[in-house]
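Asker: Now for the letters of each chain:
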Amino acid sequence: MRLPWPAVVGGTLVVALGATGLVRGAVPQSLASGSSGPSAAGPIVVTGAYVRAPVPPTQIAAAYFTVNNTTGTDDRLLDVSTGAGATAEIHSVAADGSMQVATNGVRIPAHGSLVLTTGRAHVMIEHLFGKLVAGQSVNIELDFANAGSIDVAAPVIAVGAPVPTDSGGHS
Amino acid sequence: MRRSVAVLLALVLALAGCTSSGTGKPKPSELNGFDQVGQFQGAGLDPAQPRPSFTLTTTSGQRFSFGTVTAGHPTLLYFGYTNCPDVCPETMADIRLALQKVPVALARLTYVVFVTTDVKHDTGPVLAKWLSNFSGGSLATFVGLRGTQAQIDAAQAAAHIAIAQDDGKTHSAQTLLYGTDDYAHVSFLQSVNLRQQIEHDLPLVAKG
Numbered sequence: 027m028r029l030p031w032p033a034v035v036g037g038t039l040v041v042a043l044g045a046t047g048l049v050r051g052a053v054p055q056s057l058a059s060g061s062s063g064p065s066a067a068g069p070i071v072v073t074g075a076y077v078r079a080p081v082p083p084t085q086i087a088a089a090y091f092t093v094n095n096t097t098g099t100d101d102r103l104l105d106v107s108t109g110a111g112a113t114a115e116i117h118s119v120a121a122d123g124s125m126q127v128a129t130n131g132v133r134i135p136a137h138g139s140l141v142l143t144t145g146r147a148h149v150m151i152e153h154l155f156g157k158l159v160a161g162q163s164v165n166i167e168l169d170f171a172n173a174g175s176i177d178v179a180a181p182v183i184a185v186g187a188p189v190p191t192d193s194g195g196h197s
Numbered sequence: 066m067r068r069s070v071a072v073l074l075a076l077v078l079a080l081a082g083c084t085s086s087g088t089g090k091p092k093p094s095e096l097n098g099f100d101q102v103g104q105f106q107g108a109g110l111d112p113a114q115p116r117p118s119f120t121l122t123t124t125s126g127q128r129f130s131f132g133t134v135t136a137g138h139p140t141l142l143y144f145g146y147t148n149c150p151d152v153c154p155e156t157m158a159d160i161r162l163a164l165q166k167v168p169v170a171l172a173r174l175t176y177v178v179f180v181t182t183d184v185k186h187d188t189g190p191v192l193a194k195w196l197s198n199f200s201g202g203s204l205a206t207f208v209g210l211r212g213t214q215a216q217i218d219a220a221q222a223a224a225h226i227a228i229a230q231d232d233g234k235t236h237s238a239q240t241l242l243y244g245t246d247d248y249a250h251v252s253f254l255q256s257v258n259l260r261q262q263i264e265h266d267l268p269l270v271a272k273g
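Residue numbers (the numbering used here), protein chains in the order written: chain U, 27 to 197; chain V, 66 to 273.
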């Protein structure tokens with residue numbers, strides 16, 4: 027399913043954007059995309075995952091989810107990779123709208139949670155592998171310092187569409 | 066985690082309120098209270114900010130004098146860029162949805178002005194295409210504006226918005242709402258309540 031995405035309308039513009047767009051020093055992802063089991067019911071529980079479809083002509087998507095740490099020890103979300111694009115970065119948005127890249131991961135306090143929600147924080151997905159539209163599902167792998175890696179399936183929803191209340195189960 | 070952030074934010078805002086209360090000039094936009102002011106659900110602006118005057122270029126290359134063209138119209142003004150993963154498209158989507166909920170006559174009267182802070186990449190066609198995702202089918206008038214870096218900086222200054230940095234990618238998330246009295250009494254930040262806030266406050270500023 028490797029569509030030549032410059033085939034999208036306004037191909038030259040998209041290419042121009044892609045070539046010079048905001049590319050930061052993200053850790054290159056090796057996408058094993060092994061579709062193993064669903065979100066683990068272990069010490070770390072990931073709920074409410076979803077991906078916002080890109081707004082044409084842009085080629086950037088955002089993923090949101092909540093991570094609950096049920097243990098008595100802090101954990102760190104070190105890295106995120108997705109089946110939707112080559113790079114994924116955790117961004118937090120300050121009150122003034124400025125974005126920060128969480129280069130050293132994000133702490134999830136003992137018995138605490140990390141909530142990625144619109145206007146506050148998201149995972150920015152860039153260099154999409156293909157067209158990303160509402161109704162699809164994206165595999166997201168979250169790598170934790172203690173809990174190891176956890177896979178979740180996140181539904182893709184259109185911008186402006188209501189946020190799914192829970193997508194912990196199957197899509 | 067959430068609570069501690071909220072507390073921190075409240076502290077920062079409290080401090081901001083202290084430092085700026087002595088001066089007569091409008092406070093910088095980011096420091097305005099998130100508290101509701103009077104009847105509004107958005108973040109109240111006290112003192113209210115007058116509708117700014119600046120001239121930029123539309124997506125089809127025409128000059129657009131913001132202060133003149135939008136005068137007397139309820140106007141939502143936002144500075145952002147199209148290659149924005151989160152806040153910009155969500156804000157525009159919420160504006161679009163809110164406009165579907167207000168009376169038809171009010172929606173027809175309303176301007177939605179999106180000024181790009183990404184001078185290099187947001188060409189007229191890119192901006193037009195991006196905006197069409199939100200303006201399609203809307204009764205309001207959506208306008209996408211561009212300009213040189215100096216023009217964009219000046220427009221943000223005129224609107225009392227923090228000037229965007231990093232090629233426009235670090236920018237204010239504030240949406241200003243000007244009323245028929247040509248003042249902004251309220252502004253909005255992206256949140257899960259944004260649509261409801263605009264839906265609630267837009268009719269209030271249209272009464273004059």
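Derived from the structure by calculation, the hints contain no laboratory data. Ideal placement from N, C-alpha and C gives every residue a C-beta, glycine not left out. Just so you know, not all the hints are guaranteed correct.
When the alpha-carbon atoms are kept at most 27 Å apart in a straight line, the in silico DSS-like pairs for lysine-lysine are as follows [unchecked claim]: (1) V/K166 to U/K157; (2) V/K194 to U/K157; (3) V/K272 to U/K157.
Ranges between beta-carbon positions, derived for each pair [said to hold, decoys possible]: (4) V/T245 to U/A187: 46 to 56 Å; (5) V/D231 to U/A136: 40 to 50 Å; (6) U/G98 to V/T120: 56 to 66 Å; (7) V/D231 to U/V189: 45 to 55 Å; (8) U/G174 to V/P168: 50 to 60 Å; (9) U/A171 to V/D231: 21 to 31 Å; (10) V/K185 to U/N130: 22 to 32 Å; (11) V/T122 to U/N172: 48 to 58 Å; (12) V/G137 to U/G161: 35 to 45 Å; (13) U/G156 to V/A222: 48 to 58 Å; (14) V/P112 to U/H137: 36 to 46 Å; (15) U/A187 to V/S130: 34 to 44 Å.
Not the full set, but computed from the structure, chain V residues with beta-carbon under 7 Å of chain U [said to hold, decoys possible]: (16) T147; (17) E155; (18) G189; (19) A193; (20) K194; (21) W195; (22) L196; (23) Q255; (24) L269.
Asker: Does each hint hold? Answer for all of them.
Answerer: Hint check:
A C-alpha spacing of about 31 Å is found between V/K166 and U/K157, which places the hinted pair above 27 Å, so the restraint is violated. At roughly 17 Å between alpha-carbon atoms, V/K194 and U/K157 fall within 27 Å of each other, so this suggested pair holds. A C-alpha spacing of about 44 Å is found between V/K272 and U/K157, which places the hinted pair above 27 Å, so the restraint is violated. Checked against the hint of 46 to 56 Å, the pair V/T245 and U/A187 fails, with Cβ atoms roughly 32 Å apart.
In this structure, V/D231 and U/A136 break the distance hint of 40 to 50 Å, their C-beta atoms being roughly 35 Å apart. Between U/G98 and V/T120 the C-beta distance comes to about 60 Å, which sits within the given range of 56 to 66 Å. Take V/D231 and U/V189: their Cβ atoms lie about 28 Å apart, and the range 45 to 55 Å is violated. The supplied range of 50 to 60 Å is met by U/G174 and V/P168, whose beta-carbon atoms lie about 54 Å from each other.
Roughly 29 Å separates the CB atoms of U/A171 and V/D231, a value that falls within the hinted 21 to 31 Å. For V/K185 and U/N130, the Cβ-Cβ distance of about 30 Å falls inside the hinted range of 22 to 32 Å, so the restraint holds. One distance hint, 48 to 58 Å for the beta-carbon pair V/T122 and U/N172, holds here, with the actual separation near 53 Å. V/G137 and U/G161 have their C-beta atoms about 43 Å apart, which keeps the hinted 35 to 45 Å range intact.
Between U/G156 and V/A222 the Cβ separation comes to about 42 Å, which falls outside the hinted range of 48 to 58 Å. For V/P112 paired with U/H137, a C-beta distance near 44 Å keeps the hint of 36 to 46 Å intact. Look at U/A187 against V/S130: about 36 Å separates their beta carbons, and that is inside 34 to 44 Å. Because the closest C-beta pair between V/T147 and chain U is about 5 Å apart, less than 7 Å, the hint holds.
Taken as an interface hint, V/E155 checks out: its beta carbon lies about 5 Å from the nearest beta carbon of chain U, inside 7 Å. Of the supplied interface hints, the one on V/G189 is violated, with its beta-carbon coming no nearer than about 11 Å to a beta-carbon of chain U, more than 7 Å. This hint is violated: V/A193 has a C-beta 10 Å from the nearest C-beta of chain U, more than the 7 Å allowed. Interface hint at V/K194: satisfied, since its Cβ lies 5 Å from the closest Cβ of chain U, which is below the 7 Å cut-off.
Hint on V/W195 holds. Least Cβ distance to chain U is approximately 6 Å, under the 7 Å limit. Look at V/L196: its Cβ only gets to about 10 Å from chain U, farther than 7 Å, so that hint breaks. Checking V/Q255 against chain U by beta carbon gives a least distance of about 3 Å; that is within 7 Å, so the hint holds. Hint status for V/L269: violated, given a least beta-carbon distance of 23 Å to chain U, over 7 Å.
The structure fails hints 1, 3, 4, 5, 7, 13, 18, 19, 22, 24 (numbered hints given earlier, in ascending order).
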